[in-house]
Each structure stands twice: as C-alpha cells, then as structure tokens.
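One letter stands for each residue in the lines below.
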Amino acid sequence: MDQFLQQTLSGLANGAIYASLALAVVMIYQAIDHFNFAQGEMAMFSTFIAWQLIAWGAPYWVAFVVCLAISFIGGMAIERIIFAPIHDAPALSHVVVFIALTLIFNAMAGFIWEFTIKEFPSPFPAELPFETKLIGPHEVGIVGITLIMLGMIYVFFRFTPIGLAMRAAAASPESARLVGISVKKMLGLGWGLAAAVGAVAGMMIAPVVFLEPNMMLGILLYGFAGAVVGGLTSPGGAVVGGFLMGVLEALAGTYVIGSELKLTFALVVIVAVLLFRPAGLFGRVVVQRV
Amino acid sequence: MAMLEVRGLEAFYGHTQALHGLDFDLEEGGITTILGANGAGKTTTLRSICGMVSNNGSITFDGEGLIGKATENIVRKGIAHVPEGRGTFVRVTTEENLRLGAFTVKGAKKIADGMERVYTYFPRLKERRNQQAGTLSGGEQQMLAVGRAMMLQPRLMLLDEPSFGLAPLIVKELFEILRTINQEEGVSMLLVEQNATLALGLADHAYLLETGRVVMSGTSDDIASDENVRKSYLGY
Amino acid sequence: MALSDAKSVAMRPNPAHTAVLFGIKLPMWNLYLTVIGIAAALVLPFVVEGFTVFQLTQALVYAIAVLGLNLLTGFNGQFSLGHSAFYALGAYTAAIMVERYEVAFYWTILPAGIICFIGGFLFGLPALRLEGLFLALATFALAVATPQLLRYEHFEGFTGGVQGIDLFKPDSPIEFLGGDQWLYFVVLVCGALLVVGAWNLTRGRTGRAIMAIRDNPLAARTMGINTSLYKSVTFGVSGFYTGIAGALGAAVAEFVAPDSFTFFLSVWLLVGMVIGGLGSIPAAIVGGLFILYVPNISEALIGQVFGDDPSAKALIGVAFGCFLIFAVYVMPNGLAGFVRWFVARYSRPGI
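Chains as they are written, first to last, in my numbering: chain E, 8 to 297; chain V, 9 to 244; chain C, 47 to 397.
Just so you know, not all the hints are guaranteed correct.
SDA-like cross-link-like pairs, simulated, lysine to any residue; straight-line CA separation at most 20 Å [claimed, not checked]:
1. C:K359 x E:N221
2. E:K125 x C:A265
3. V:K114 x E:F164
4. E:K269 x E:K191
5. E:K269 x C:S357
6. E:K269 x C:T308
7. E:K191 x V:N81
8. E:K125 x C:H200
9. E:K269 x C:H200
10. V:K118 x V:E103
11. E:K269 x C:Q194
12. E:K191 x V:A78
13. C:K215 x C:S306
14. E:K191 x V:G76
15. E:K192 x V:A78
16. E:K269 x E:L258
17. E:K192 x V:G76
18. V:K118 x E:F166
No wet-lab data here; the hints were simulated from the structure.
Next up, chain E with everything else stripped away, as it sits in the complex (with noise of 0.2 Å):
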C-alpha cells in the first residue's frame, strides 16, 4: 500500500510537468491549429539560460524570473520571425518548421553547453517540514510550483479582458478582429505564454533527470501524451491529463511494464486515444470540414 500510495504521489510530481507541457502544446494548438514538436526543445533550451544565470552567480529566483522573461519574449519572437510568415500554408511546411526549431534548439544547446550532463539545483529545502516516506521535498515543490503557476494561468484566462481577448482570438479570429482586437498580438502573446509556462517545466524537472540537450525528448511524448488524453480543444483537459499520465506511467512501470517501455507506453496510450477517442477526455469532437 505504501508502494501504491508513493508511486501515485511521485506520479502526480512527474505529471505536474507533464501537464504544464501538455498546456503549453494545447495553448499553440488552439492557436494555430498546430502541434509544436519544438515545445520540449525550447523548455530544454530555456532551463539552459536558467542554469547559465545561476552559473554566473543568480540567486535561483532572481534566474527563473529572467528565465521566464526571455522564454516569454523568444517565444513571441518565434512567433512573429517564423511562423508569422508561413501562417495560410500547408500543414507539412508547419511540421518542417517544427522539427526544423527542434533541431536547431537541440543543436544549439549542445554547442553552446554541450552535451555532457550537468547538475540542476532544486530551490526547495533539503528537508520537508513534516515527517514522511512517501514523498520527497523536491516532488512537492514541482507540485506546489505547478499548481500556483496553472492557478494564476486560469485567473488570467478565466478573468482579465486580455485572457478573454485571447480566447476570442483563437476560437473565432475574425470576430475578434471586428471587436478590435489584434489577432497578431494575442498570438504572440500565446506563444510568449506557453513558452514561459514550458521554461517552468523545464526548470522543475532538470534537478530529476539532469540538464542535458536531449533531456525533453521522452517527456514531451508524455506532455502529448497528456494533451491527448485530456483532448487537444480543452487547455483543462490537458492539465488533467498530464497528471493522468504522470501516475499511470508510475504505475505501469511499477507494476506492468517496468520502467524501459515507458516510451513505448506513452505510444500506446497515443495511438489508442487518436483512435478511439479523439476528442480524449474533455475535449469536443472536431467535425472535419468537407
């Protein structure tokens, strides 16, 4: 029971970034209609300029503030210098594009920083203030971190004008052009957002696995894989989903599969709900358009 109870628990820490990269995915699908295959590159990317700012001396706070500014302002810039241009073509150029920023962010983080592993600090105290062998500091702060993050996401989208405009923008982007809103600026908005929020996850996650160039790789597949299962239309769906998939990859690997086919599980859960249930858990069934 107590294997049960701490596997679901370290799941669930796991599922934190899983379901902040599963936002981020849904944040630039329901924009764009497109999935970003560079989002886990660019979180790598920015927990490099994280662990570059504490290396030259920055209070780790001071480093994830700045960390969050410049992935928010690189992911804006993304977005205007490269996918501004290319917004009415086909679907294959976006995937070239994707997988071309893919590249160059692997590439560019192995040359800047190389590819050997480097240790990522965790601003959490050593030591939980209660007594308790079920989980560990660092896993309650990527959950506690995580949930204020998604709290304050929800109150921007749920309660200011800007959240709301931003929602327009994305569901019906030519009403919102007739209520005078810049469809341009709220997609950079978006993706200067779900950049920021993927730096987050990135950041959480480094201390765990270790900062290196291919470190995003696997738990991008779990982000899609939470994205998925929420259902791509729903932002909460794929949250929930995350965290879903957090614990189910704990679980299954403790008790079914063991923990080298967790890649292939996260292929498998996919492929299954693509197929059987695409619209996942919360989403809507998007009719295909004749």
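We have chain E; now place chains V and C onto it with these hints.
Positioned in the frame of chain E, the structure of chains V and C alone reads:
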C-alpha cells in the same frame, strides 16, 4: 463632407473581382441601406470597409483613409461590424461576448454603463447573461451581435443581413430597436439586406447594387417608388 | 499534400522530345541527365578513394530511405516522423538474420523489406484514421519510443540490447572489386531496381490514385478509389523501401545499435526529402547526398573555424535546421521543384 465616402472601390477574391468601382456616401446620423440580389457585392462592400478583403480605391471615414489598414485598427476608429452569420463567440458567455465587444473601450465604469444600456435595449440578453453564447437562439444571437457592436461605442454600425434566418416577429422587434439605437445613441448605420421592404422601411437613403456596381441611388422613398425596383426587389 | 502545389510547376513533355528507358517515358533532357548519372554512378567507385566509396554507398542508402519517405509524404500526402523506426526494423532484421541465424547478407535484404512492408501496412491501418497532424504526432511518438524498445532487456537475446549487433559487410566475390566497391554496387543495383519500381508505381493508374488521395481525399473517394487500401499499401511500400535501406545501411555501417536510430534519424530523412523535393524520385538522390555530405562539409568548415571542439559539431544541426526553414520559405518544392521551375521557365515547349 459625408461621414463615410467610398470612391472607385474595387474588391477581389483571388483573381475574381467582386466590386467594380463603387461610389457612395453615408451621411452622419442617418441609416443607409445597400440593396441587391445574391452575389451583387453587398457583403463584400461591408467587408471592404473593415479591411477584410483585398481591395483598392478609396474609403474615407471622417476624412481619414481606411484602405490598407488592419481590421482591428479600422474598428478602433468607431466602426462596428455586425457580420454575416453574427460572429458569436460561441464558447464564452453572453456577458463575455459583450465584454469582448468593449475590448477597445477603456474604463470599467464606461463598460458597465454600456452593458446596462445594451441590457435595456435587449432585456433577453440580461436573462441569458451567464449562458454560453453558442446555446442562444438565432434571434438572441443576432441581438447579441448588435449588442456587442454597441459595446464598442461606435459612430457607425455596419449591419450585414440582420434579418437572415429570423422569424418575422423577431425581425420586426429587432428593426424597431435598431431605429431606436440610431435615434437615441446617434449611431449611423449602413444596412445590407436582401429583404428590401424591410430595409427601405428603416433606412433614409438607399443604393442599389448589381454585379458589383451601383445602379441606382436616392432616398428610400424615391427608390421604393421606382417601377423596376418595385417589381424586382419589392415584389408587388 | 505537397508543400505547395507541385502540379503547377510540372513540365508538360513534348512528345517529339521524349525517350523511353526501361519502359519509362522521359523528356530528352531528362534522358541525357539519366545517362550521365548512370555512367557517373558506374565509374565513380573506380576513380575515387576507398573512404569516398564508403560515403557514396551510405548516401545511396539514405537516398533509398528518402525515396521511401517521399512515396508516402510527397506522393500520397501522409506525414511520417517515424521512418527511423522502419529503418531500424530493416537494419535489425538484416543484422539478426546474419549474426544469429548465419543467413548470407544478400538473403536478408528482401526479408527486411517485407517485414517493414508488413510493419508499415499495419501501422498504416490505424494511421488511416489519423489525418495529417495526428499521423505526424503518432509517428513522432513511434520514433521517440523506438530506441528504448530496441534497448529493452527482454529482447536482448535478439537485439543485443544497448550494445547492438556487429556484423560484417559481405565479401566481394569478384577479384578486382574491393569490399567497399562491391557493397557500393550491391546498393546501387538495389537502388536502381527500387527507383524503377517507384517510377512505374507512380506513373500508372495506381500512381494517379495515390496522388489523387494526396490532392483531394474526398474527391478520390467519390471517384471510387479505395482510399483506405491505397493509403495502407502506400505506407507498406514506403516501409519496404525504408526497410531495405535499413538492411543495406546495417551492412555499410557493419553495426546496429539503438542509438543509431533515434528520432533525429527521422529528422535527417525529412530534411533529405524536403531539400530534395517532394513528389520527385530523382530528388531522393539529391536528398541522400545532402544528408551525407552537407554535415561532412559543414564539419570541415566548423573544424576550420572552431578547431577540434567536439561540441562545435552540434552546429551541423543548426545548419540543417536553417536549411529546412530556408527550404520552406524559398523553395517549397525543394531542389527538384526549383530545377523543374527553372527548366519550365527557360525551355519553351516546341523549341
């Protein structure tokens, strides 16, 4: 000088030309209607004003050129467009739709006042304020579209077939309200309608469009009494 | 779905200026190019040094894999980011047959292709319901999961786990040909057969059906094309090509291991396809050469600038990424499209 002056307006969908040099004026405070059959270019005219189709020629609003400006910036000058199909933001509530309409308006007080005003014109919307807008009936969505346009505090409202798909009784109610808005809020209106009787009843000026050209213009009374118009568009 | 409409730049050959080669109708200039190409391919291994022969062989292997991917994406409009998995399947099939069952290498090539055909066909079945992006996502997952699967300890008896499998390239049966040269010709013959096969496949009725599905799936269905069958079979054929490339690649590298078949191999193949040109068979050769030589050239250049710093090699990835973006922006039909455009622009029909 007229509030809106359109000269030599041409519009294109890809290689297809939809408007062939349109000229018309719209006086401040009035209601002008553009009549015409399907495909005459009525919707295209409205979309051109809002910069939603590729076009050339000249469109001036209060002496300021609109051609080449982005839709969201044209809207900010006080032109509210009630689009064909109503353009409802279906996944947010009625009230959020109205808030979106006031996106360009600064000040919480102003927005709250605007919303109260919309609710006095359309009490039904107030009843439905927390309902997801996609679940409103066609008539309610049309009212919401007009209400959303009002939230912008526009000087000019472009209305694209507001009667489309609505029951006659609701259309009557809607047009009454449009007249009141025009008179009490001082909002000028440019109305596109297939239902010519209805449009001429509301408007003071009218233009008749055929295949992208203005073929007749004048006061609504003049147009309504024209023999050909009567036969082709009014049906009596 | 091509990057942009390939038909608009396709040349209409003038009947008086066409020639027939292996049953393939070609415009004259194309024939000249083909003859020159074949001659060069035959002579090259005797005039360049051994290592270059090895490189050319590897480039041909990539070209075959790119051709396989192109059949799927360029001609049939289905995305795949998972072709590294089929390449791996082919390579492991060959390696396992040679090392565990002592089958002569030549007899492993076709089985590798067939197993990948089955694999592709089976993956193509669910893929039928996954349009466009969703297929890209599913194949992305496949590519990311593959190395871990190859490492899986319970398959270790077969796959050799993390270590992979060593194998030896076949000995040359002809005295005056060295091992590298012999393998080069083996790959060349396989490649030639596959090119002819692809050509015939894409020209006839079948080819029109495959491309109709790409251009307008719904219309294709209403015209009575069994789109499901064609899409699955195309996936299978694409797997067949890539699997054969994998088998040949195993012999060229004399080694298979999980880390040779990461997601980034899929990316290289995608780069080769996009740079070469979608929906063009000769483009695959350009793509293969590109995948092999551009990194080499870049590496040399980088070496000159940054010295022996190993992390500087990462810049090749940056270069590849930039090439990709450049291709999408500037030559949406790849080099092949660019050449077609150029020829169409400067050779008026009838002259």
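Each hint, compared with the structure:
Between the alpha carbons of K359 of chain C and N221 of chain E the distance comes to roughly 15 Å, so the proposed pair stays at or under 20 Å and holds. About 54 Å separates the Cα atoms of K125 of chain E and A265 of chain C, which puts this hinted pair outside 20 Å; it is violated. Among the hinted pairs, K114 of chain V with F164 of chain E is consistent with the structure: their alpha-carbon atoms are about 19 Å apart, no more than 20 Å. Our distance criterion of 20 Å between C-alpha atoms is broken by K269 of chain E and K191 of chain E, whose separation comes to about 39 Å.
Using a Cα cut-off of 20 Å, the hinted pair K269 of chain E and S357 of chain C is violated, with the two alpha carbons roughly 29 Å apart. Taking the CA atoms of K269 of chain E and T308 of chain C, the gap is about 16 Å. The hint holds against a cut of 20 Å. The hinted pair formed by K191 of chain E and N81 of chain V meets the criterion: a straight-line CA distance of about 12 Å does not exceed 20 Å. A threshold of 20 Å between alpha carbons decides the hint, and for K125 of chain E with H200 of chain C the separation of about 31 Å lies outside it, so the pair is violated.
At most 20 Å may separate the alpha-carbon atoms for a hinted pair to count; K269 of chain E and H200 of chain C meet this at roughly 14 Å. Distance restraint check for K118 of chain V and E103 of chain V: the Cα-Cα separation of roughly 15 Å lies within the 20 Å cut-off, and the hinted pair is therefore satisfied. Distance restraint check for K269 of chain E and Q194 of chain C: the Cα-Cα separation of roughly 8 Å lies within the 20 Å cut-off, and the hinted pair is therefore satisfied. Of the pairs offered as hints, the one joining K191 of chain E and A78 of chain V holds, with about 11 Å between alpha carbons and a cut-off of 20 Å not exceeded.
For the proposed pair K215 of chain C and S306 of chain C, the alpha carbon gap of about 17 Å is at most 20 Å, so the pair holds. At roughly 16 Å between alpha-carbon atoms, K191 of chain E and G76 of chain V fall within 20 Å of each other, so this suggested pair holds. For the given pair, K192 of chain E sits about 12 Å from A78 of chain V by alpha-carbon distance, which is consistent with the 20 Å threshold. Among the hinted pairs, K269 of chain E with L258 of chain E is consistent with the structure: their alpha-carbon atoms are about 11 Å apart, no more than 20 Å.
Our distance criterion of 20 Å between C-alpha atoms is met by K192 of chain E and G76 of chain V, whose separation comes to about 18 Å. Of the supplied pair hints, the one linking K118 of chain V and F166 of chain E holds, its CA atoms being roughly 18 Å apart against a limit of 20 Å.
Consistency note: the structure conflicts with the earlier hints numbered 2, 4, 5, 8.
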